[in-house]
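Asks: Listed here are the chains, written in short residue letters.
Protein chains: 2
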Amino acid sequence: MKIGVKILPKNEVLDTQGRAVEGTLRAHNRSVEQCRVGKYVQLEIPETDESKALARAKEITEFVLYNPLIETFELEVVRR
Amino acid sequence: MKIGVKILPKNEVLDTQGRAVEGTLRAHNRSVEQCRVGKYVQLEIPETDESKALARAKEITEFVLYNPLIETFELEVVRR
Chain H
762 MKIGVKILPK NEVLDTQGRA VEGTLRAHNR SVEQCRVGKY VQLEIPETDE SKALARAKEI
822 TEFVLYNPLI ETFELEVVRR
Chain C
762 MKIGVKILPK NEVLDTQGRA VEGTLRAHNR SVEQCRVGKY VQLEIPETDE SKALARAKEI
822 TEFVLYNPLI ETFELEVVRR
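Keeping their order, the protein sequence lines are chains H and C.
The first sequence begins at 762 in our numbering and counts up by one.
The second sequence begins at 762 in our numbering and counts up by one.
Note that these hints are calculated values from the structure, not bench results.
A few of these clues could be false.
Calculated from the model, a selection of chain H residues having no Cβ within reach of chain C, i.e. all distances over 10 angstroms [unchecked claim]: (1) Glu-773; (2) Val-774; (3) Leu-775; (4) Arg-780; (5) Val-798; (6) Lys-800; (7) Glu-805; (8) Thr-809; (9) Ser-812; (10) Lys-813; (11) Ala-816; (12) Ile-831.
Taking lysine to aspartate or glutamate pairs in the EDC-like style, the calculated list, with each CA pair at most 20 angstroms apart, reads [unchecked claim]: (13) H/Lys-763 with H/Asp-810; (14) H/Lys-771 with H/Glu-783; (15) H/Lys-763 with C/Glu-832; (16) H/Lys-813 with C/Asp-776; (17) H/Lys-800 with C/Asp-776; (18) C/Lys-763 with H/Asp-776; (19) C/Lys-763 with H/Glu-783; (20) H/Lys-763 with C/Asp-776; (21) C/Lys-767 with H/Glu-794; (22) C/Lys-763 with H/Glu-835; (23) H/Lys-767 with C/Asp-810; (24) C/Lys-813 with H/Glu-794; (25) H/Lys-800 with C/Asp-810; (26) C/Lys-800 with H/Asp-810; (27) C/Lys-800 with H/Asp-776; (28) H/Lys-763 with C/Glu-783; (29) H/Lys-767 with C/Glu-783.
Every residue, glycine too, gets a C-beta built ideally from N, C-alpha and C.
Construct the complete structure from the given sequences, taking the supplied hints into account.
Replies: Here's what the structure looks like:
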């Protein structure tokens, strides 16, 4: 089962990449209100049960993918 | 309206970060079948119409966020 992990910098954290994108868009008259840049990880987990796959993805994310001090994450089941 | 952009390296492209995560998980008895690491960008777009917001996000992504030679992307409306 494919699980997507969306990782974003916390709101309190200065997101330098997001600021850079905001600046570039402003300079090209394509301003947005906010832009945050993080990581997207797709895990193919050998598990057919959705809740078990999500539990394993959560464990892996906390173990090795995200930094709890400065980031938050969200999981999703990727169908397709 | 908040739009999420999920960017992943194409399957044909060597994904060094993904391989590194796979190796680490294997070494800790938490093997997964595959891991791909990409970028996640959240854009806050000043637009209330969903299809207009998605169209602007697509334009921005193609303009500045992703590299069509080595990456693919997918858009999503973030509700919340």
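Asks: Each hint should be assessed against the structure and marked as holding or not.
Replies: The hints, checked one at a time:
1. Glu-773: At roughly 16 angstroms from the nearest Cβ of chain C, H/Glu-773 sits farther out than 10 angstroms, so the non-interface label holds.
2. Val-774: Holds: least Cβ distance 14 angstroms, greater than 10 angstroms.
3. Leu-775: Check passes; 16 angstroms lies beyond 10 angstroms.
4. Arg-780: Its Cβ never comes within 10 angstroms of chain C, the nearest being 13 angstroms, so this holds.
5. Val-798: Violated, because the least Cβ-Cβ distance between H/Val-798 and chain C comes to about 5 angstroms, which does not exceed 10 angstroms.
6. Lys-800: violated, 6 angstroms
7. Glu-805: violated, 4 angstroms
8. Thr-809: Holds, since 12 angstroms exceeds 10 angstroms.
9. Ser-812: holds, 17 angstroms
10. Lys-813: holds, 13 angstroms
11. Ala-816: holds, 12 angstroms
12. Ile-831: Check passes; 15 angstroms lies beyond 10 angstroms.
13. H/Lys-763 with H/Asp-810: holds, 11 angstroms
14. H/Lys-771 with H/Glu-783: With a Cα-Cα distance of about 17 angstroms, the restraint between H/Lys-771 and H/Glu-783 holds, given a limit of 20 angstroms.
15. H/Lys-763 with C/Glu-832: holds, 18 angstroms
16. H/Lys-813 with C/Asp-776: Roughly 26 angstroms separates the two Cα atoms, so the pair is violated.
17. H/Lys-800 with C/Asp-776: Since the Cα atoms of H/Lys-800 and C/Asp-776 sit roughly 14 angstroms apart, the hinted pair holds (cutoff 20 angstroms).
18. C/Lys-763 with H/Asp-776: Holds - the C-alpha atoms of H/Asp-776 and C/Lys-763 are around 17 angstroms apart, at most 20 angstroms.
19. C/Lys-763 with H/Glu-783: holds, 14 angstroms
20. H/Lys-763 with C/Asp-776: The hint holds at about 17 angstroms.
21. C/Lys-767 with H/Glu-794: Holds, at about 19 angstroms.
22. C/Lys-763 with H/Glu-835: Distance ~15 angstroms between C/Lys-763 and H/Glu-835 Cα, so the pair holds.
23. H/Lys-767 with C/Asp-810: violated, 24 angstroms
24. C/Lys-813 with H/Glu-794: holds, 15 angstroms
25. H/Lys-800 with C/Asp-810: With a Cα-Cα distance of about 27 angstroms, the restraint between H/Lys-800 and C/Asp-810 is violated, given a limit of 20 angstroms.
26. C/Lys-800 with H/Asp-810: At roughly 27 angstroms apart (the allowed maximum being 20 angstroms), H/Asp-810 and C/Lys-800 break the hint.
27. C/Lys-800 with H/Asp-776: Roughly 14 angstroms between the alpha carbons, so the hint for C/Lys-800 and H/Asp-776 holds.
28. H/Lys-763 with C/Glu-783: Holds. H/Lys-763 to C/Glu-783 sits at ~14 angstroms (cutoff 20 angstroms).
29. H/Lys-767 with C/Glu-783: Holds, at roughly 18 angstroms.
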